[in-house]
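Chain D is fixed; fit chain W onto it per the hints.
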Amino acid sequence: MSKQSDQPGMNRRQLIGGVIAATGAVTIAPGLILHAVAGNPQQKKGASSEKRWGMVIDANKCADGCSACVDACNDEHNLTGFDRPATDAQWIRTVKLKDKQTGHINRMVMLCQHCEFPPCVDVCPTNASFKRVDGIVLVDRHRCIGCRYCMMACPYKARSFIHEALADQSVNAPRGKGCVESCTLCVHRVDAGKTTTACQDACQKEGHAAILFGDLNDPKSRISQVLKSNNSTQIRADLELNTGVRYLNL
Amino acid sequence: MRSSFFSRKCILGLLAGAALAIPAMQAAAQSTYVTKGSKAASEKSCVAETSDIRRNHMDYMKHGRDEVVIDGDRTGQYSLAGCIDCHAAKDASGKYLPVDSEDQFCHSCHAYVAVNPACFQCHRTTPEKRD
Chain D
0 MSKQSDQPGM
10 NRRQLIGGVI
20 AATGAVTIAP
30 GLILHAVAGN
40 PQQKKGASSE
50 KRWGMVIDAN
60 KCADGCSACV
70 DACNDEHNLT
80 GFDRPATDAQ
90 WIRTVKLKDK
100 QTGHINRMVM
110 LCQHCEFPPC
120 VDVCPTNASF
130 KRVDGIVLVD
140 RHRCIGCRYC
150 MMACPYKARS
160 FIHEALADQS
170 VNAPRGKGCV
180 ESCTLCVHRV
190 DAGKTTTACQ
200 DACQKEGHAA
210 ILFGDLNDPK
220 SRISQVLKSN
230 NSTQIRADLE
240 LNTGVRYLNL
Chain W
0 MRSSFFSRKC
10 ILGLLAGAAL
20 AIPAMQAAAQ
30 STYVTKGSKA
40 ASEKSCVAET
50 SDIRRNHMDY
60 MKHGRDEVVI
70 DGDRTGQYSL
80 AGCIDCHAAK
90 DASGKYLPVD
100 SEDQFCHSCH
110 AYVAVNPACF
120 QCHRTTPEKR
130 D
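In order, the protein sequences belong to chains D and W.
Each residue of the first sequence is one higher than the one before, counting from 0 in numbering that gives the first Met the number 0.
Each residue of the second sequence is one higher than the one before, counting from 0 in numbering that gives the first Met the number 0.
If we strip away everything but chain D, and leave its shape as in the complex, we get (with noise of 0.2 Å):
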């Protein structure tokens, strides 16, 4: 983060030669340098490498009638639709699965699934879209050129394009026409180092306590505990993607 400077410093080979230094280099032939490692990966600020943020879904705890989980991301995300069903921003939905034989109805809700392998970043021609270390897949919309690929090419229809110019964004997810956007597992608390998300609390105070967001490296957290010891489905598995959002009893 250093000052531009239209004119070449008087001082710019000490610097280089500085960098060299600090980083460890050596130089083991002329013209061939060899770098080490530099950096320890437990002093690096903002998201880890060491962790996989998912979530686990309990399709027989998702009530019939409630949208809390939804109108909590609304609420926290400022997602103002203008009721046009069709095109307003939807970062998560409720599905009803009806099977048709035995008549049984499944209840869950649909976000990103936050791939370990996202076609939406495969397609992307502006790295826009992209995975963040600790999992969490994105769309930078510095970046983001709305050419809605990676809506075609989400299996999840996950995503929403913007239609209309915005107003009074939340500062937890800057947002505007012309971009694509979909759930970012509420990257602002996970940053904020909060360990729930939006939809995570809404449904647990409506006591159903459906959802639940955690650390999936981490053997140690509920949300792998919980995986460990219950069958759990990733949707379109075929795909493998290794979806970082998983369902039970679906």
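Quick caveat, the hints were computed from the structure, so don't treat them as lab data.
Small disclaimer: the values here were computed from a predicted structure and weren't measured.
Don't be surprised by glycine CBs; every beta carbon is placed ideally from N, CA and C.
Take the hints with a grain of salt, since some may be wrong.
Said to hold, decoys possible - Ranges of calculated distance between the beta carbons of each label pair, as one might list FRET restraints:
id	chain 1	residue 1	chain 2	residue 2	range
1	D	G145	W	E42	36 to 46 Å
2	D	G145	W	G81	20 to 30 Å
3	D	A191	W	I52	20 to 30 Å
4	D	S66	W	A80	23 to 33 Å
5	W	N115	D	K204	36 to 46 Å
6	D	T194	W	R129	18 to 28 Å
7	W	S44	D	V225	21 to 31 Å
8	D	T125	W	A80	17 to 27 Å
9	W	K38	D	K97	53 to 63 Å
10	D	T79	W	D72	22 to 32 Å
Relative to chain D, chain W alone:
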């Protein structure tokens, strides 16, 4: 003879130019840069040396946005939300005025230098109060 005529003309031109430029410079020097009634008006300086922020705020924010969005590091010294929290002024009824509305903090300078930043297509323009 001819050359001295030329130089005299040049000097006259320069003087005329200076005469025009001085009032503009004075006006710039007199303006306070912060909007009356904003939190910033009561602060001694910005989050860094004010002259530094004035010159380099766009670079700081451009670095900061990648740190926040891609690396998830929100501990940086500079943030657009921080600018807005501090520099938004209130109207007579105590309601916050958008920083990009006419004569408000962001707009006033950017209009003067004919810059049209796209920040506020996505970012809110008033401090956010959440319950």
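Okay, the hints, checked on the actual structure:
1. D:G145 / W:E42: 36 to 46 Å: The hint (36 to 46 Å, Cβ to Cβ) holds, given that D:G145 and W:E42 are roughly 38 Å apart.
2. D:G145 / W:G81: 20 to 30 Å: 28 Å, holds
3. D:A191 / W:I52: 20 to 30 Å: 25 Å, holds
4. D:S66 / W:A80: 23 to 33 Å: Check passed, 29 Å falls within 23 to 33 Å.
5. W:N115 / D:K204: 36 to 46 Å: 44 Å, holds
6. D:T194 / W:R129: 18 to 28 Å: 19 Å, holds
7. W:S44 / D:V225: 21 to 31 Å: Because 51 Å falls outside the window, the suggested range is violated.
8. D:T125 / W:A80: 17 to 27 Å: 24 Å, holds
9. W:K38 / D:K97: 53 to 63 Å: With Cβ atoms ~55 Å apart, the hint holds.
10. D:T79 / W:D72: 22 to 32 Å: 29 Å, holds
Hint violations for this structure: number 7 only, all remaining hints satisfied.
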